[in-house]
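Engineer: One letter stands for each residue in the lines below.
Number of protein chains: 4
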Amino acid sequence: MDSPQTPDALPPRHETRLRVRYAETDQMGVVYYANYYVWMELGRVELVRSLGMIYKDLEEHEGLFLAVIESSCRYLRPARYDQEIIVETEVANTTHRIVEFTYRIRSVNPEQVLAEGATKHMWLDRAWRPAKLPDRYLDVLQSTIKAST
Amino acid sequence: MDSPQTPDALPPRHETRLRVRYAETDQMGVVYYANYYVWMELGRVELVRSLGMIYKDLEEHEGLFLAVIESSCRYLRPARYDQEIIVETEVANTTHRIVEFTYRIRSVNPEQVLAEGATKHMWLDRAWRPAKLPDRYLDVLQSTIKAST
Amino acid sequence: MDSPQTPDALPPRHETRLRVRYAETDQMGVVYYANYYVWMELGRVELVRSLGMIYKDLEEHEGLFLAVIESSCRYLRPARYDQEIIVETEVANTTHRIVEFTYRIRSVNPEQVLAEGATKHMWLDRAWRPAKLPDRYLDVLQSTIKAST
Amino acid sequence: MDSPQTPDALPPRHETRLRVRYAETDQMGVVYYANYYVWMELGRVELVRSLGMIYKDLEEHEGLFLAVIESSCRYLRPARYDQEIIVETEVANTTHRIVEFTYRIRSVNPEQVLAEGATKHMWLDRAWRPAKLPDRYLDVLQSTIKAST
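Residue numbers (this note's numbering), protein chains in the order written: chain A, 1 to 149; chain B, 150 to 298; chain C, 299 to 447; chain D, 448 to 596.
Honestly, the hints are just simulated from the structure, not real lab data.
Any given hint could be a false lead.
[What the hints assert, rightly or not] For lysine to aspartate or glutamate, the following EDC-like pairs were computed, each having C-alpha atoms within a straight-line distance of at most 16 Å:
1. Lys579/D - Glu531/D
2. Lys567/D - Asp82/A
3. Lys430/C - Glu360/C
4. Lys56/A - Asp380/C
5. Lys354/C - Glu116/A
6. Lys418/C - Glu249/B
7. Lys205/B - Glu531/D
Let's have the full structure, built from the sequences with the hints guiding it.
Structural biologist: Below, the structure written as structure tokens:
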């Protein structure tokens with residue numbers, strides 16, 4: 001008893017919902033493979049928003065841009081038009097310079113994992129030089145990692 | 150006789166070639182309707198380039214941006230994956246403030262008209278205020294209209 | 299009193315909400331003009347869904363496809379990254395062969411109309427021949443027009 | 448001496464050229480990260496075409512579809528609007544079931560490597576079951592690997 005880390009205390013992974021658009025399908029009748037990366041973007045933006053950080057404000061007020069330096073995806077099952085999709089997003093690692101997100105993309109009906117992905121980013125300033133994320137933001141991002149260990 | 154403007158003397162409409170990408174199709178097996186507008190963008194950029202104006206330089210050096218204010222398209226036949234496509238582009242009208250382009254989108258094989266479109270644009274400055282295109286550029290754009298009458 | 303058609307009795311135009319994706323912006327810092335047509339697609343799919351018709355089922359079970367034959371848009375104000383957007387969609391006209399939708403695209407904050415658009419469609423069968431929408435579906439679509447007059 | 452396979456005899460990596468579209472940029476002023484995967488698609492389609500295989504015909508006549516099961520990209524430098532881009536594509540590995548491509552994405556001016564990527568695919572039949580690529584196609588794909596070792 002008194003477990004300091006009961007499962008209930010853990011923040012769930014952040015979940016973003018979307019519905020597959022016709023524009024996102026291709027003539028194989030499934031979602032075109034590059035579009036999963038658009039969904040990952042939605043996932044990380046909403047994760048960041050859920051932490052009280054608005055990515056748009058980081059760009060406009062802090063002059064910080066999150067440039068993608070690596071991305072990857074494994075496709076397990078095809079996503080189809082009109083399906084409801086959940087993007088689970090997690091901060092996998094973060095420093096003042098770097099953030100890594102991991103993603104699990106699921107369909108709601110049937111309940112299945114469709115894909116797993118990862119992206120790695122670095123912070124840039126307005127002049128496209130490497131920049132450091134201020135501590136107050138870093139703390140917020142890191143808190144989600146501690147919470148999930 | 151001795152017409153100063155024989156048909157043969159007319160500059161042909163500007164033609165841009167492209168090949169349909171898989172990403173541009175949807176699950177009906179044809180090109181998604183919004184993508185014709187991407188092709189029109191390619192057509193007008195290449196038309197402008199063919200006149201010795203680089204749209205990118207207008208943005209970077211003149212601080213002029215061409216904002217779309219109207220667009221339209223009539224779809225006659227579907228475009229399909231891997232087809233070679235020709236976008237014919239014409240300056241239909243232009244002033245210091247406004248440019249209108251018209252487009253005819255054809256497949257090469259079979260030789261057919263697939264769609265016809267139009268876009269209307271206004272010039273903006275960096276602060277997003279209406280701007281005037283300098284005379285030297287306007288003259289170039291207008292010359293293409295005179296030539297085709 | 300007892301007006302058979304009080305404004306309150308009218309079904310509101312159908313509204314679909316979305317948030318502007320980073321992928322939808324371009325380097326002018328606003329939404330690329332072709333993407334408004336993707337939003338119109340979301341609007342009409344959701345309108346049709348709100349009437350109890352699932353467009354996906356029309357494709358799969360009835361073998362009916364809604365091919366776009368005309369589209370147009372007037373852009374009044376730019377849409378920006380991360381804005382919440384409402385797409386109002388209306389059936390403007392419909393027969394067994396043809397459906398026309400009109401759209402008004404608004405931002406929530408500030409509350410402004412950003413664009414107005416229209417699309418015209420014809421029904422096709424699996425062999426891409428013109429098809430007739432069965433009465434039971436047509437009645438549903440037409441009911442939304444009567445309701446709004 | 449008299450090596451039957453001098454470097455000069457090697458087929459160069461397959462190169463596909465394209466020009467960055469405005470639609471492909473985002474508000475950071477560079478190409479949106481998912482669009483590199485669209486360029487990889489162009490690269491592998493053109494590589495396959497250069498070998499005398501038309502991917503479109505594989506779909507239509509052989510009933511074979513190349514489903515992506517993994518993709519990845521490392522972004523080294525941003526690609527910008529209107530740049531000329533070269534996609535170098537190589538068959539990294541192939542069996543009857545699987546094909547792996549690797550890509551190097553370069554800008555022409557300045558001459559720089561912008562990104563490196565990889566995709567892994569499996570062959571499916573029309574019913575979405577794993578399928579085997581006929582020998583005559585496999586031989587062609589494998590010949591490009593032998594040639595480059």
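Engineer: Mind checking the alpha carbons of Lys418/C and Glu249/B for me, to see if they're no more than 16 Å apart?
Structural biologist: 23 Å, violated
Engineer: Checking one constraint from the list: CA of Lys354/C to CA of Glu116/A, max 16 Å. Satisfied?
Structural biologist: 26 Å, violated
Engineer: Between the alpha carbons of Lys579/D and Glu531/D, is the straight-line distance 16 Å or under?
Structural biologist: 37 Å, violated
Engineer: Would you mind confirming whether the straight-line C-alpha gap from Lys205/B to Glu531/D stays at or under 16 Å?
Structural biologist: 13 Å, holds
Engineer: Starting from Lys56/A, check that the Cα of Asp380/C is at most 16 Å away, please.
Structural biologist: Given that 16 Å is the threshold and the Cα spacing comes to 7 Å, the pair holds.
Engineer: Given the hint that Lys430/C pairs with Glu360/C, test it: the Cα-Cα distance must not exceed 16 Å.
Structural biologist: Measuring from Cα to Cα gives roughly 11 Å; hence the hint holds.
Engineer: Would you mind confirming whether the straight-line C-alpha gap from Lys567/D to Asp82/A stays at or under 16 Å?
Structural biologist: Roughly 26 Å separates the two Cα atoms, so the pair is violated.
Of the numbered hints given earlier, the model fails hints 1, 2, 5 and 6; all others are met.
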